[in-house]
Amino acid sequence: MTFSPGLEARFADLLTHYPEGRHRGALIPMLMYAQDEVGAVTPDLMAELAARLGISVLQVDEVVGYYSMLHKKPQGKYHVQICTNVACMLLGGAELYEQACTRLGVGHKQTQASGRFSLEEVECIGACSWAPAIQVNYDFHHDVTPAKLDEILEGLQ
Amino acid sequence: MVKLTINEIAVEAPPGMLLIDAAKLAGIEIPAFCYYEGMALQAACRMCLVEIEKAPKLMAACVVPVAEGMVVRTEAPAVVKARKTTLEFLLTNHPLDCPVCDKGGECELQDMVFKYGVGESRYTEEKVHVPEKQWSPVVFYDGPRCILCYRCVRVCGEGMGVGALGVVNRGINSEIAPSHGDHLECDECGACIDICPVGALTSGAYRYKTRPWEMEHTGTICTHCSNGCKTTLGVRTNEIVRGNNRDRSGINGEFLCVKGRYAFDFNHHTERLQTPLMRVNGKLEEVSWSRALQAVVEKFKAGGKAGVIGSTRISNEEAYLLQKFARTTLHTNNIDHHRSGDVVTLLDSLSGKSATLGTADDCYNAKAVLIIGADLSQQQPFLANQIRANYRHHNAAVYVATTGVVREDKIAKSSVRNTETDWLTGLHSMREKLATEPELLVLFGDAVKGEGVRNLVAFTESLGIPVKYICLVDYANSRGAMDMGLLPDLGPGYHAAEGTPGLTLPEMMAATDMDLLWVVGANPLKRHKFASEKAFVVVHDMFLTETAQRADVVLPAASAYEKNGTVTNVCGQVQRLKKAVETVGSKTDLTIIGLIARAMGVNLGKVDADAVFAEIQKTVRGYNVPLPVIVTGGAAQTMPVNGRVPSTVLPELIQSSRDTLFTTGSLTKYSKILNDVMEAPGGLYR
Amino acid sequence: MKLYNAPSPLETKVVSKRFGMENSWKLDTYLATGGFEGFKKAMAMSCDEVINEVKSSSLRGRGGAGFPTGMKWGFVPRNTDAPKYVVVNADESEPGTCKDRLLMEHDPYLLIEGILIAAKAVGASKGWIYIRGEYRYLVDHIDAVLKEAYQRGYMGKNIAGTGFDFDLYTQIGAGAYECGEESALLESLEGKRGVPRIRPPFPAVSGAFQAPTVLNNVETFCAVPDILRNGGKWFADLGTPKNGGTRMVCLAGHVNKPGVYEVPLGMNMMYFINEIGGGMRGGKKMKALIPGGSSCPLLRADECDIAMDYDSMAKAGTMLGSGGMMVMDEDTDMVKVALRIMRFYKHESCGWCIPCREGTTWLQKMLARIVDGNGATRDIDLIGDLAKNMLGRTFCPLGDAAAMPTISIVEKFRPEFEAYVAKNPFASSELVQVA
Ligand SMILES: Cc1cc2nc3c(=O)[nH]c(=O)nc-3n(C[C@H](O)[C@H](O)[C@H](O)COP(=O)(O)O)c2cc1C
Ligand code: SF4
Ligand code: FES
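For the record, the sequence lines run as chains A, B and C. Note that the numbering used here has the first sequence beginning at 1, numbered continuously upward. Note that the numbering used here has the second sequence beginning at 1, numbered continuously upward. Note that the numbering used here has the third sequence beginning at 1, numbered continuously upward.
By construction, these hints were calculated from the structure, which means they are not laboratory data. As the structure is a prediction and not an experimental result, all values here were calculated from the model. Where a beta carbon is used, it is the ideal one built from N, C-alpha and C, also for glycine. Incorrect hints may appear among the rest.
For each label pair, taking beta carbons as the anchor points, the in silico distance ranges come out as [claimed, not checked]:
# : chain 1 : residue 1 : chain 2 : residue 2 : range
1 : C       : 210       : B       : 3         : 27 to 33 angstroms
2 : C       : 199       : B       : 367       : 29 to 35 angstroms
3 : A       : 1         : C       : 300       : 52 to 58 angstroms
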């Protein structure tokens with residue numbers, strides 16, 4: 001499997017971060033960064049990282065299934081994550097989630113057929129004092145209102 | 001010693017001992033699922049919670065070491081309640097399908113609920129259902145039954161050194177997963193199934209065959225490789241349906257490989273011979289025992305140039321009697337068997353030296369181990385397991401000198417690659433490190449033979465440290481065949497045979513003037529051509545092997561699981577074969593030899609296993625072992641043969657058959673399970 | 001860098017003092033405002049002196065458990081040549097908490113300086129900042145800051161000319177609340193599933209890559225430079241005895257001015273809500289609050305007139321936790337709050353041990369059933385009972401974190417559960433007790 005020069009450089013740097021012989025520490029960062037480039041944690045990617053780190057594919061699989069931000073299927077171009085945990089829920093997070101379901105026509109962890117949007121109801125994303133909050137890909141949106149949600153989604157059409 | 005109190009009982013335990021084990025010393029059971037002696041601690045199941053005075057909460061006895069003055073209560077109300085509720089939690093998603101579960105009756109969860117659980121469940125929510133999966137011909141996984149104790153993951157990773165099982169997903173969706181997505185590529189040893197406390201992992205060989213309490217159990221010795229594992233055969237209506245060693249009797253504890261656990265199935269193969277065959281008008285025809293024996297006796301009486309080829313799987317008693325009969329009645333020293341390791345030269349080289357032979361225990365206890373020219377995990381699975389455990393528990397130094405990559409490399413302090421012949425060079429490169437070890441156990445395969453053995457002994461001798469050796473051989477009684485004197489130049493106990501040495505196996509096969517060839521439980525035609533066209537060939541076998549097809553009389557023989565007697569493993573440990581099933585039509589080789597002798601009017605003494613063994617004890621060097629040890633199912637170490645062994649071994653006679661984990665010589669063909677695992681995805685795993 | 005909420009004049013700014021400054025995250029700004037003075041002082045001190053200074057500040061961990069920081073550093077073994085490490089817990093996943101994020105965004109050098117002082121105190125040579133995956137922008141931000149620090153000689157070899165060497169890296173998480181638990185975090189750092197470790201040994205003895213490790217929350221490290229600069233006593237005096245200094249409180253929920261504020265320990269909670277938080281929204285009455293992240297037992301409004309410090313909170317049967325305060329008004333459906341909390345813990349349970357894995361799942365299902373109108377009276381008792389059966393019996397504190405708020409909600413707001421149940425015509429039957 002080939003990666004972009006940028007990603008290769010990042011991997012090379014990562015491997016220098018850990019004590020001698022403990023470079024398996026790079027696995028989770030590698031998965032996160034590679035997932036962004038590849039679009040998903042594909043079987044090829046798992047095999048590639050396993051080979052690079054000298055561990056079994058099963059050991060990679062054990063890790064991938066554990067972390068909620070690692071996904072084996074590609075998500076939409078815009079992955080809309082709506083927090084409905086307590087702080088957001090108190091200020092309308094659950095309603096925003098319903099609104100997004102209706103508007104995008106998909107539910108939790110589903111992707112539009114066009115591949116444009118995918119939706120996920122997420123746990124606390126660390127924006128409680130500016131709730132309700134959502135994240136589209138890695139971008140935060142704070143103090144989201146129904147109108148603001150429409151606006152955000154509109155802007156990404 | 002640390003002094004503590006458990007349930008008001010004063011207990012003394014060695015420092016560092018875990019509370020759960022200390023309680024056991026005092027006869028107090030602390031229930032546990034995830035704790036498993038000898039394996040990594042998990043503290044996951046929370047069944048072992050106990051009350052410790054001054055601790056703010058209940059503590060897991062499986063991870064807390066004993067401490068001076070500790071006051072522990074294992075039956076305090078809080079502890080009892082915690083156990084009940086943990087079991088209640090555990091049962092929420094469990095399917096409770098005990099009536100159709102293979103494990104029913106010997107399930108640790110059932111036992112736990114029976115002992116510690118509540119009668120009524122308060123769980124009324126829906127259970128998560130996941131369909132059962134088949135991971136290999138051997139292994140099935142039923143997720144909902146799994147209690148996530150991680151025993152299987154540990155026995156595979158830590159125990160077997162394979163690491164084919166893992167935990168995937170998170171939280172309530174966590175489950176055990178196989179190495180290759182939807183299937184396993186592994187040793188197929190079934191240890192995971194064996195160790196699973198519930199019916200989550202079940203065996204393709206056994207599932208739905210019987211309820212545990214309907215079986216009768218017989219502990220005998222596995223007939224496949226030379227390691228001599230005890231296997232407890234579960235028999236139902238004269239059919240072996242299961243092999244395991246849960247009672248941990250025998251040298252192998254609960255260890256078994258795929259062959260010991262599942263490859264008993266050859267015993268019930270449809271091609272098993274049940275009637276004697278005799279060549280009539282050029283074709284083998286079924287005949288009665290008396291007719292077949294009569295034909296054999298006639299030929300035996302006629303004399304001429306006779307040859308006898310014995311087996312590496314028949315019992316010591318059978319081998320002993322066979323050579324005795326051949327030497328005294330057929331008056332020939334033309335006796336041999338397929339030799340797979342140069343035990344003879346090793347014994348001779350050790351004469352007068354302090355170095356001795358190693359045992360299976362040494363594999364677990366030696367401070368340093370050197371493996372030469374053998375893929376141990378493939379060919380000597382139990383010894384390999386002992387060495388892995390030694391590394392895990394005692395941090396043993398492991399040295400490897402092999403032609404290819406082996407599993408032991410992963411735990412090796414030093415590994416060298418060499419060709420079949422230059423292994424000494426490799427050893428020299430490790431010399432300095434080896435010399436710093438306090439002691440050394442050397443295991444060598446058929447790459448080291450003849451002069452090689454002497455060179456090896458000279459090399460290790462020069463290290464100046466105590467050394468023990470194990471000369472690796474192939475089959476269940478390869479060692480016994482030599483000890484009993486199935487050799488052309490050596491009689492029982494490695495004494496020079498009377499008269500001139502006889503022909504070796506290849507010589508017998510190549511001689512064009514043989515008049516009689518008697519093959520007992522061997523298949524020499526698999527590797528050799530038989531040159532003498534005129535020879536009358538008598539074969540004892542379970543199957544119509546290549547050799548049997550050439551025979552003039554084929555006598556259907558009993559399997560190891562159908563007879564009593566003893567066998568001697570690779571380390572020279574004598575153990576008892578115990579009849580698990582009755583023969584159908586066939587007879588043991590001992591019986592057959594006895595019948596032939598009687599018909600010939602020869603007195604061999606009393607022909608039963610015990611009587612012959614008594615004679616072996618008296619006459620075979622090293623075999624004066626304590627009978628009670630053997631009778632009670634123990635392993636008796638034979639004494640080393642002290643003194644020169646008058647033999648000139650031709651190295652080319654020694655040739656391992658290079659079995660893998662999934663092959664077992666001529667028997668391979670007749671084990672469905674071994675063929676299934678070889679054909680399964682992944683093929684032969686290395 | 002923008003501010004997410006307006007500061008309040010009633011704050012006492014120690015760790016947040018550079019918030020809102022122009023280029024607050026730049027080394028020059030940092031150096032111009034007293035940066036690295038604490039580190040330089042520490043370099044002139046012995047390890048014990050540094051640790052004693054921190055001990056005298058009575059600084060307690062800001063990650064949730066509130067363990068005295070100086071004492072923790074003191075557990076790291078001396079007289080060993082083996083490598084030692086510093087790990088920063090920037091996983092910030094406790095619902096209600098959003099402060100570490102601001103500290104890293106606005107004043108990353110403060111964190112870096114705190115790390116260096118800790119490294120000096122225990123003789124560590126390497127460190128990682130473990131940042132939750134959702135904060136990707138912060139990983140990039142800190143990476144850029146570290147690049148500047150290396151270039152300017154404030155990281156790497158001979159830091160700031162003091163002769164001290166240290167390497168610091170970011171490590172990105174991948175979405176797992178449990179990886180905020182220190183030992184699970186260390187497993188994750190090693191490239192494994194975020195399953196906690198058996199303790200002891202604690203990280204101070206065997207932590208990252210099995211080496212002795214100082215592991216603290218972001219805010220804890222951020223407090224350290226000023227403790228060294230101004231002395232432990234100065235910091236301690238900002239708070240109440242045994243509860244030194246200030247801390248960041250993340251105010252959320254039905255208040256007029258939610259936001260992250262830095263206040264001295266021991267401030268009255270109602271004063272904080274009313275004066276700094278601007279009181280309740282829309283003139284509603286307050287019903288309850290979660291004082292320090294969703295793992296804390298809830299307080300009824302009438303229980304909130306207390307000092308915000310570790311000891312007073314403990315007396316009130318709850319905790320300061322991670323500083324995530326969520327205020328709920330009179331219209332809040334407490335049953336739904338209980339369900340939402342349990343859904344979180346069920347989702348985040350690592351699955352390692354039975355009581356947590358099965359307990360959170362069972363409770364979540366039962367609470368969902370009650371909210372769906374299919375609950376029975378016995379369910380209410382059962383919820384409390386099951387939560388108590390998890391408490392103190394799980395492998396790590398996540399099980400407790402799930403149980404504690406649940407027990408408190410059922411106890412304090414039982415009538416709300418009863419109201420749900422009353423709507424179910426089939427509800428009845430009493431609870432079977434497990435003796
Ligand atoms: C389930 C769980 C989640 C936690 N999450 C965090 C977290 O996100 N951030 C954090 O700093 N501490 C978290 N902690 C606390 C850490 O285990 C640890 O006590 C803390 O990082 C120590 O730093 P401190 O002494 O500076 O507080 C969590 C603990 C538990 C049990
Ligand atoms: S399959 Fe069996 S041994 Fe493995 S974790 Fe599940 S219950 Fe334990
Ligand atoms: S045996 Fe102690 S937790 Fe499982």
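Results of checking the hints against the structure:
no., hint, in the structure
1, 210/C x 3/B: 27 to 33 angstroms, "32 angstroms, holds"
2, 199/C x 367/B: 29 to 35 angstroms, "32 angstroms, holds"
3, 1/A x 300/C: 52 to 58 angstroms, "57 angstroms, holds"
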